[in-house]
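Novice: Each chain, written out:
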Amino acid sequence: GENVEQHPSTLSVQEGDSAVIKCTYSDSASNYFPWYKQELGKRPQLIIDIRSNVGEKKDQRIAVTLNKTAKHFSLHITETQPEDSAVYFCAVNSGGSNYKLTFGKGTLLTVNP
Amino acid sequence: SQTIHQWPATLVQPVGSPLSLECTVEGTSNPNLYWYRQAAGRGLQLLFYSVGIGQISSEVPQNLSASRPQDRQFILSSKKLLLSDSGFYLCAWSRLAGGSEQYFGPGTRLTVT
Chain A
1 GENVEQHPST LSVQEGDSAV IKCTYSDSAS NYFPWYKQEL GKRPQLIIDI RSNVGEKKDQ
61 RIAVTLNKTA KHFSLHITET QPEDSAVYFC AVNSGGSNYK LTFGKGTLLT VNP
Chain B
1 SQTIHQWPAT LVQPVGSPLS LECTVEGTSN PNLYWYRQAA GRGLQLLFYS VGIGQISSEV
61 PQNLSASRPQ DRQFILSSKK LLLSDSGFYL CAWSRLAGGS EQYFGPGTRL TVT
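Residue numbers (this note's numbering), protein chains in the order written: chain A, 1 to 113; chain B, 1 to 113.
Take these hints with a grain of salt, some might be off.
Said to hold, decoys possible - Cross-link-like lysine to aspartate or glutamate pairs, in silico, DMTMM-like; alpha carbons within 20 Å at most:
hint : chain 1 : residue 1 : chain 2 : residue 2
1    : A       : 105       : B       : 59
2    : A       : 105       : B       : 101
3    : A       : 57        : B       : 59
It should be emphasised that the hints constitute simulated quantities derived from the structure, not laboratory data.
Full structure from sequences and hints, please.
Specialist: Okay, here's the thing in structure tokens:
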């Protein structure tokens, strides 16, 4: 089955700095790559996603880049703010299916004021 | 717009007792439905998914079961809870066709004592 590795497991940055979280995956048939943000005690929220026909997607301060050849994709957060502090999960659709996602183990991002 | 509900929000149950968690989705038809468990605040483990009424796929063998008695209702059950069943249970839905985006419910925090 699909194997998703997420790094780092924890990340601490100063407010205003950038944060980058990287995920690698194993199944070359995968074509959908979402990122979720989960605040403490809350549900995961979809914050951005990318499909394999594009290499980069931006939404204000967040962006996702995809390298299908190397089978990795990354979340970039610029001008970080304390409210960005949360656990971030990457995910990959399994075998190109439309209904199953395999999640990374998560990255705890702390933004220090 | 679509809304997903879960109840109860929190639950404390003794070892060996039964369990029933319910999830319902509003505002869409024929959704794919999912049950995840999240232990220790990290990592999303897919337990079950369903692509239609009465169609349940199990991802991890365990003492839990799932049922989908109606199109937009998904139930997670156990006949006898174990201590290891404690965790945050999340229901999610996605559109049947055309997209892999999954949207999570608010979750049920289960503590088995």
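Novice: Decide, hint by hint, whether the structure agrees.
Specialist: Status of each hint after checking the structure:
| no. | hint | verdict |
| --- | --- | --- |
| 1 | A:105 <-> B:59 | holds (17 Å) |
| 2 | A:105 <-> B:101 | holds (18 Å) |
| 3 | A:57 <-> B:59 | violated (31 Å) |
Violated hints amount to a single one, hint 3; each of the other numbered hints is respected by the structure.
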